[in-house]
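K.L.:
Given only the sequences and the hints, what does the whole structure look like? Please build it.
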Amino acid sequence: MSTTQIVNEPMAMGRIPLIGEPAPAFRAQTTQGPIEFPKDYQGKWVILFSHPADFTPVCTTEFIMLAKMQPEFKALNCELLGLSIDSPYSHIAWLLTIKDKIKYKGIANVEIDFPVIADVKMEVARAYGMVQPGVSDTQAVRAVFIIDPKATIRAILYYPLTNGRNCQELKRLLVALQTSDKFGVATPADWQPGEDVIVPPPGSCGSARERITKPDPDTYAVDWFMTFKRLPKEKLGLPPEAKV
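Counting along the sequence shown from 1, when you hit position 211 you're at 1348 in my numbering, and nothing is skipped either side.
Keep in mind that the hints were calculated from the coordinates and are not lab data.
Heads up, a few of these hints could be off.
Said to hold, decoys possible - Straight-line C-alpha distance at most 27 Å; calculated DSSO-like pairs for lysine-lysine:
{"#": "1", "residue 1": "K1176", "residue 2": "K1211"}
{"#": "2", "residue 1": "K1287", "residue 2": "K1236"}
{"#": "3", "residue 1": "K1319", "residue 2": "K1181"}
{"#": "4", "residue 1": "K1205", "residue 2": "K1366"}
{"#": "5", "residue 1": "K1181", "residue 2": "K1240"}
{"#": "6", "residue 1": "K1366", "residue 2": "K1319"}
What the hints assert, rightly or not - Now the in silico label distances, taken between C-beta atoms and shown as ranges:
{"#": "7", "residue 1": "D1237", "residue 2": "E1332", "range": "36 to 44 Å"}
{"#": "8", "residue 1": "C1342", "residue 2": "I1244", "range": "50 to 58 Å"}
{"#": "9", "residue 1": "E1248", "residue 2": "P1376", "range": "16 to 24 Å"}
{"#": "10", "residue 1": "P1171", "residue 2": "D1327", "range": "34 to 42 Å"}
{"#": "11", "residue 1": "L1155", "residue 2": "E1306", "range": "36 to 44 Å"}
{"#": "12", "residue 1": "R1367", "residue 2": "P1286", "range": "25 to 33 Å"}
{"#": "13", "residue 1": "E1306", "residue 2": "P1369", "range": "16 to 24 Å"}
{"#": "14", "residue 1": "N1300", "residue 2": "E1248", "range": "24 to 32 Å"}
{"#": "15", "residue 1": "V1257", "residue 2": "V1359", "range": "51 to 59 Å"}
{"#": "16", "residue 1": "E1332", "residue 2": "E1173", "range": "33 to 41 Å"}
{"#": "17", "residue 1": "S1224", "residue 2": "Q1179", "range": "22 to 30 Å"}
{"#": "18", "residue 1": "E1248", "residue 2": "P1171", "range": "15 to 23 Å"}
{"#": "19", "residue 1": "R1346", "residue 2": "T1289", "range": "23 to 31 Å"}
For every residue, glycine included, the Cβ atom is placed at its ideal position computed from N, Cα and C.
P.N.:
Written out as structure tokens, the structure is:
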């Protein structure tokens, strides 16, 4: 009997759900007990990420780094949720091995206490388009879905089996999304908290002209369509525990 159940699946099996769509709901067994998603995560951001298999070296390094950063994600009202196409027993054995034997970048004795979904029948992985036959029919690629408190998919990242994710980039993107939501702005390339943000382009000729001729004191226009706004880090309201 399967321990995983897809609750609603508005897309064809295996199709990648898109940014702006509701995250597919599911029930599943995890290393922290059964969960119902998104019901159990109401009001929180979630980073749902898949890894190819337990007892694989690249995945092990990712888990160590994410576990180390978990308090920083929690400070940003974000929960981590892992997944692989393995059984609960395999997950438990692997996580115990990480704690007892593995050291990476000077980090050892790491307790992985975020849930890891057991998805032996690939039901969640297929609902989220994590199984890509051009790579493997038996393993999930390194998918990342950032899901907001309304259970809407806000960002999607995919990495191949051979290359580990940049965990700091996942946090940076989360902060950028939260900043855009809170202040109604966009963030430029390589943006870091505290740097200038981008004001949405004007919607009329009159407002475009006014932006150039009567700029707001907190903004500066490079051209009518490209206006930056100063947004110091202290105005973001980020908790110190987030370490940004």
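K.L.:
Tell me the numbers of any earlier hints that the structure contravenes, in ascending order.
P.N.:
2, 4, 5, 11 and 19
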